[in-house]
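Let the hints inform the model, and build the full structure from the sequences given.
Keeping their order, the protein sequence lines are chains A and B. Residue numbers are given in the working numbering: position 100 of the first sequence equals residue 100, and the series is strictly consecutive. Residue numbers are given in the working numbering: position 284 of the second sequence equals residue 284, and the series is strictly consecutive.
To be clear, the hints were calculated from the coordinates, so they are not data collected in a lab. By construction, the Cβ of each residue, glycine as well, lies at the ideal position given by its N, Cα and C atoms. It is possible that some hints are incorrect.
[Said to hold, decoys possible] Here's a subset of chain A near chain B, in silico, CB distances under 7 Å, partners left out:
| hint | residue |
| --- | --- |
| 1 | Q30 |
| 2 | A31 |
| 3 | G32 |
| 4 | H197 |
| 5 | T227 |
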Amino acid sequence: MVMLLCDFHIHTKYSDGSVELGRVVDLYGQAGFDVISITDHVVNGDNPIGKLAHRFRLSVTAENFDEYIANVKYEAERAWSKYEMLVVPGVEISKNYITPEKSAHILIIDIKEFIPACLNYEKIFLEAKQQDTLIVACHPHYLSEFGRDTLFLWNNRDKYAKYIDAWEIANRDDVFNVISLKKYPYIASSDFHRTRHLYSWKTLLNCEKNTGSVKQCIRHNKGVAITLFRN
Amino acid sequence: MEIFYVFAGITIFGLICYGLQIWAVRSTLKEDKKVRGSEDGNASTSQLFNFSSSQFQFPPVSILKPLKGLDDNLFDNLASFCAQDYPEYEIIFSLQDHNDPAFKVVRKIRDKYPEKDISVIVERCDLGLNPKVNNLIPAYKASKYELILISDSNVMVGNNYLKAITKHMQDPDVGLVSNMIRGIGGRTIGSILENLHLNSFIAGSVCFLDKFLKMPCVIGKSMLMRKRDLEVISGFKAVKDVLAEDYVIGKRMHGIGKKVVLSNYAVNNVNEYWGIRRFINRHTRWGKLRWRLGGIKYLSELIGNPVFMASLPVLLWEPSKITISFALLVSFLKVLGDSYLGTLIYDTENRRSGESPIHPFTHSPIHYLLSPIKDIIIGFIWFVPILSNTVVWRGSRYIIGRNSVLSPMPESNIWAWRYRVADAIKARLA
Numbered sequence: 001m002v003m004l005l006c007d008f009h010i011h012t013k014y015s016d017g018s019v020e021l022g023r024v025v026d027l028y029g030q031a032g033f034d035v036i037s038i039t040d041h042v043v044n045g046d047n048p049i050g051k052l053a054h055r056f057r058l059s060v061t062a063e064n065f066d067e068y069i070a071n072v073k074y075e076a077e078r079a080w081s082k083y084e085m086l087v088v089p090g091v092e093i094s095k096n097y098i099t100p101e102k103s104a105h106i107l108i109i110d111i112k113e114f115i116p117a118c119l120n121y122e123k124i125f126l127e128a129k130q131q132d133t134l135i136v137a138c139h140p141h142y143l144s145e146f147g148r149d150t151l152f153l154w155n156n157r158d159k160y161a162k163y164i165d166a167w168e169i170a171n172r173d174d175v176f177n178v179i180s181l182k183k184y185p186y187i188a189s190s191d192f193h194r195t196r197h198l199y200s201w202k203t204l205l206n207c208e209k210n211t212g213s214v215k216q217c218i219r220h221n222k223g224v225a226i227t228l229f230r231n
Numbered sequence: 001m002e003i004f005y006v007f008a009g010i011t012i013f014g015l016i017c018y019g020l021q022i023w024a025v026r027s028t029l030k031e032d033k034k035v036r037g038s039e040d041g042n043a044s045t046s047q048l049f050n051f052s053s054s055q056f057q058f059p060p061v062s063i064l065k066p067l068k069g070l071d072d073n074l075f076d077n078l079a080s081f082c083a084q085d086y087p088e089y090e091i092i093f094s095l096q097d098h099n100d101p102a103f104k105v106v107r108k109i110r111d112k113y114p115e116k117d118i119s120v121i122v123e124r125c126d127l128g129l130n131p132k133v134n135n136l137i138p139a140y141k142a143s144k145y146e147l148i149l150i151s152d153s154n155v156m157v158g159n160n161y162l163k164a165i166t167k168h169m170q171d172p173d174v175g176l177v178s179n180m181i182r183g184i185g186g187r188t189i190g191s192i193l194e195n196l197h198l199n200s201f202i203a204g205s206v207c208f209l210d211k212f213l214k215m216p217c218v219i220g221k222s223m224l225m226r227k228r229d230l231e232v233i234s235g236f237k238a239v240k241d242v243l244a245e246d247y248v249i250g251k252r253m254h255g256i257g258k259k260v261v262l263s264n265y266a267v268n269n270v271n272e273y274w275g276i277r278r279f280i281n282r283h284t285r286w287g288k289l290r291w292r293l294g295g296i297k298y299l300s301e302l303i304g305n306p307v308f309m310a311s312l313p314v315l316l317w318e319p320s321k322i323t324i325s326f327a328l329l330v331s332f333l334k335v336l337g338d339s340y341l342g343t344l345i346y347d348t349e350n351r352r353s354g355e356s357p358i359h360p361f362t363h364s365p366i367h368y369l370l371s372p373i374k375d376i377i378i379g380f381i382w383f384v385p386i387l388s389n390t391v392v393w394r395g396s397r398y399i400i401g402r403n404s405v406l407s408p409m410p411e412s413n414i415w416a417w418r419y420r421v422a423d424a425i426k427a428r429l430a
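Following this line, the structure appears as structure tokens:
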């Protein structure tokens, strides 16, 4: 079986990405990808940072969530018929605070119903579990770039690891080797915001090309590899 | 003030040359209409390309596609070759290694078109210094048919492309058919500049050389030829160490008395997400190439850049009312000229005949306002080849010699040290 080339962390103009949804799908389809997940931000609006994100429409909200999912599904059908590429709807629950120690970003892949980012962590995880989504802790360790450090989940991993299906072991150009030391399930993603981010770390999966198999493969952490995708 | 008059004179001469280029493009594109001649406005596609009026049996063609990395729109580019309305042809995708990201795309294409004769060859070949030729040699060996078509991976064509170009092979004296190119798909500043340049300077120069000077100026995006003619000019081995293999093949073909035809069927060169640096790098490399190929004739490119010539007095001497007004007037004329050329090129017969697929994203009229800026950048780039005779290609540095013959950069001597120091400084700055 040929390994599936996957990217599970992609932003579009629905939040702070610079490329429209349809073009993102085409960009990945033209590059031969097998599975992608569109994961625009759902930001907590309970503090000034979140309020700003909502003000500048950098977040998917309860109001436009249905439209967002409908458009992702429309693009998913187009991507399947044209490129045989699986597109899975998702969000990135972004709990932003001033310090990285308090902040956490969580990918909820294969989401069906809106989950507000203002809920506490347990409630978010339980809601996500109820929808049978794949829960991924993203960029959980120190990054070189200012503003993307989200250390809360890693610092509290003893408490939260039971809810988390996988951890991002590589994000764009950064690798968090501490995740492999702890033997957690892992994926690698581009955290795509701009076209140049297409060239970054990616996940390879040895499974069937359908959402169920993909989720199972990641959760079981078997047949998972990462690759640095370069031109 | 005398300086201004000198530059104004050169600029006016450049504008006249530019006018001739527009005329050449127009005249090249009009040839289809001549073919159509007495046909009425409802001419079918076959009539447009004069397929039905001849006894020409479309011969089978081997399409050789050398691939390296991901080009913009790669999937659709390759798929467009699988949708040809043509009786018999094979496509050979050729790569140097399995880890190339294009390999995955090619496999998907093969799966999507199981009814087509598609082969994928992955073979490392280090026969020469030109990586494209190295990539072509294994594909050429595997090709089945007498007619071979070499086509770059960033080219997208309509479904009548093969018919439109093979018709030229009715004439046994024709040795090579190349095509007009139109840049499409610009979504970033770099790619818009690239497409503007392709649709003005490159299209204009190629048609001008073909129409007025009868000089073969082959661009390797699309080259159709017979194997036996290629063998007469010593095959790919003759160009394995040459940077401009397309130009040299055209020149050699012309040298053995074969006709080199510029088809008015415009192929789409898709450039969507280029950065400005890539645009500058490419045209610096192409400039070096033309400098080594053309020698003193390279000067005509500077004279033929009216916007740059009109801007020099403003940039280097006095920004007075008259110099600024003149530069603005010339820029305005260039914007108008480029818009007209763009309209001509986008509206070619193959597009009007309702072919598909055509990339939906062409140029917005507002993009042409960038044309003078592009010309000024190109004007400054013009000087680089005179100062440097080396190119970095696919990660290796080469010295370009006469006729664009490549030689590896020496490991020792002052030249090597010069670049080592430059690289060290760049690395520190990065």
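Each hint, compared with the structure:
{"no.": "1", "hint": "Q30", "result": "holds (4 Å)"}
{"no.": "2", "hint": "A31", "result": "holds (5 Å)"}
{"no.": "3", "hint": "G32", "result": "holds (4 Å)"}
{"no.": "4", "hint": "H197", "result": "violated (11 Å)"}
{"no.": "5", "hint": "T227", "result": "violated (9 Å)"}
Of the numbered hints stated above, those contradicted by the structure are hints 4, 5, listed in ascending order.
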